[in-house]
Amino acid sequence: MITIEKLHKQFGEVEVLRGIDLTVAAHETVCVIGPSGSGKSTLLRCINGLEAITSGTITVGGIDIGASKNNLAEVRKETGMVFQQFNLFPHMTARENVAFAPMRVRGLSKAEAQDRANRLLERVGLSEKGDSFPSQLSGGQQQRVAIARALAMEPKVMLFDEPTSALDPEIVGEVLDTMRTLAEEGMTMVVVTHEMGFAREVSDRVVFMDQGQVVEIATPQEMFGSPKQERTKSFLDKVL
Amino acid sequence: MFIEQLLGLLRAAGWTLALCVSAGVAGTIIGFLLGVGQVSKIVVLRWITTAYVTVIRGVPVLLLIFFVYFGIPVLFAVDLAPFLAGFVALTVVAAAYMGETFRGAIQAVPRGQFEAAEALGVRYLDRTFRVIMPQALRIAVPSLTGYLINLVKDSSLIGIIGFVELTRAAKILSNLTLDPLGAFLMAAVIYFMISFTISRIGVAVERKLAPKSKASSRKLATTAIPAGN
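Chains as they are written, first to last, in our numbering: chain S, 1 to 240; chain H, 1 to 229.
Keep in mind that a hint or two might mislead.
Footprint (simulated), chain H over chain S, 3 or more residues, beta carbon under 8 Å [stated by the list, open to error]:
1) 71-84
2) 200-211
Below, simulated DSS-like cross-link-like pairs (lysine-lysine); rule was C-alpha separation at most 25 Å, straight line [as the list claims (entries may be wrong)]:
3) S:K156 x S:K69
4) H:K208 x S:K129
5) H:K41 x S:K77
6) H:K171 x H:K153
7) S:K69 x H:K171
8) H:K208 x S:K110
9) S:K6 x S:K238
10) S:K156 x S:K110
11) S:K129 x S:K6
12) S:K156 x S:K228
Distance windows between CB atoms, simulated [stated by the list, open to error]:
13) S:K238 x H:Y124: 39 to 49 Å
14) S:G66 x H:P142: 42 to 52 Å
15) S:E170 x H:A188: 51 to 61 Å
16) H:G104 x S:R106: 51 to 61 Å
17) S:D168 x H:L62: 49 to 59 Å
18) S:S55 x H:R46: 19 to 29 Å
Since the hints were derived computationally from the structure, they do not count as laboratory data. In this text, a Cβ means the ideal position worked out from N, Cα and C, and glycines have one as well.
Only chain S is shown next, with the shape it has when bound in the complex (with noise of 0.2 Å):
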């Protein structure tokens, strides 16, 4: 579904993805730890365009986002993205966030659309919240709305940056069940996470970034039973 090859990115001088190989099968789940700076929110960002490509290829759904503009847009329809942040507009309700883009890009009728966000919301556990503002809802809900709010453009990949590094412990849990959900139910993911347990219990294959390379890709019990990599080692033994 996903094809990385020899991907390059520079931020001026800085060099910080160093030749990245990786592919991701369709209804993969597919974690990328690492420590800070390692490249890793970069690499998903290079995914769906939000930061350009220095060198090298990404495929999409045999789409090459780097050939032109429109292949990028194409990607983008396809393409889930759910941010750290959550990024949610603040001044649609959480049933106009999420009808927003089937709206605006795929043309559905706003009753089409509204529909579709009533169930998108049912699914992730907030049909009683269509109404409220992002200002109003906890920052558990607001990232389930933001997942719901992907969702809705029916896309083929979704990709996570650090879905729950923003919110209190005690709700992480919430965010997590429902991307542990929609794994189960064969959507293709690749989550940016330092949620280890995660990792562990949820992901077909764990890939261990550093220092813009890939280190090491394995399966979840591989990675956390017997890493092979010295860098993984160490990293692990002070995360976990």
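Go by the hints and put chain H onto chain S.
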């Protein structure tokens, strides 16, 4: 006698109002475009709009009025009526200040808002007018109100090129009645009433655009922190 004088001043106040409303509306529209231009991806557009704002803000309003009233006839061989010259000069100034206000407001909308819309595949126009602008407007309203009040006061300078607006009318009245205190006091009260009305309208608009609960502004502030990595 008193009634007659007051009516004369009120007529002049009407002209002041006409000047301010027309220049205020035109200035806001042009200012909005200048603000959008200043944050545009197109370098030339950014350059031109920024240069305009910087130059105009650096020149005294009175000088601009002289420039339009006396300078344009020299340049283009057309005479401008004092009202038209006043309107043009005030619009030019208002646009510059409002352009700067709109630029600041647009840039104050958290970057994550652009990115969220971009990630959803929302196109430029929808992104600008349905996601960013409603939020930018809320941020801009207090400064815009403040600037409109300034505009009312700047309009008193138009009297210098011979247009009888409120301040000039008060001056004429004081010459007639030999009662400067009374004439200028009446003018001051009328200016205050205009300004006060504008500021009340500003507050009402601000309330209407405000997010729902008070806690929200604080929460919004935390969402403004850019994502790490």
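Hint by hint, here is what the structure shows:
no., hint, verdict
1, 71-84, "holds (count 8)"
2, 200-211, "violated (count 0)"
3, S:K156 x S:K69, "19 Å, holds"
4, H:K208 x S:K129, "22 Å, holds"
5, H:K41 x S:K77, "23 Å, holds"
6, H:K171 x H:K153, "15 Å, holds"
7, S:K69 x H:K171, "63 Å, violated"
8, H:K208 x S:K110, "24 Å, holds"
9, S:K6 x S:K238, "29 Å, violated"
10, S:K156 x S:K110, "23 Å, holds"
11, S:K129 x S:K6, "44 Å, violated"
12, S:K156 x S:K228, "32 Å, violated"
13, S:K238 x H:Y124: 39 to 49 Å, "44 Å, holds"
14, S:G66 x H:P142: 42 to 52 Å, "43 Å, holds"
15, S:E170 x H:A188: 51 to 61 Å, "60 Å, holds"
16, H:G104 x S:R106: 51 to 61 Å, "34 Å, violated"
17, S:D168 x H:L62: 49 to 59 Å, "57 Å, holds"
18, S:S55 x H:R46: 19 to 29 Å, "28 Å, holds"
When each numbered hint is compared with the structure, violations occur for hints 2, 7, 9, 11, 12 and 16.
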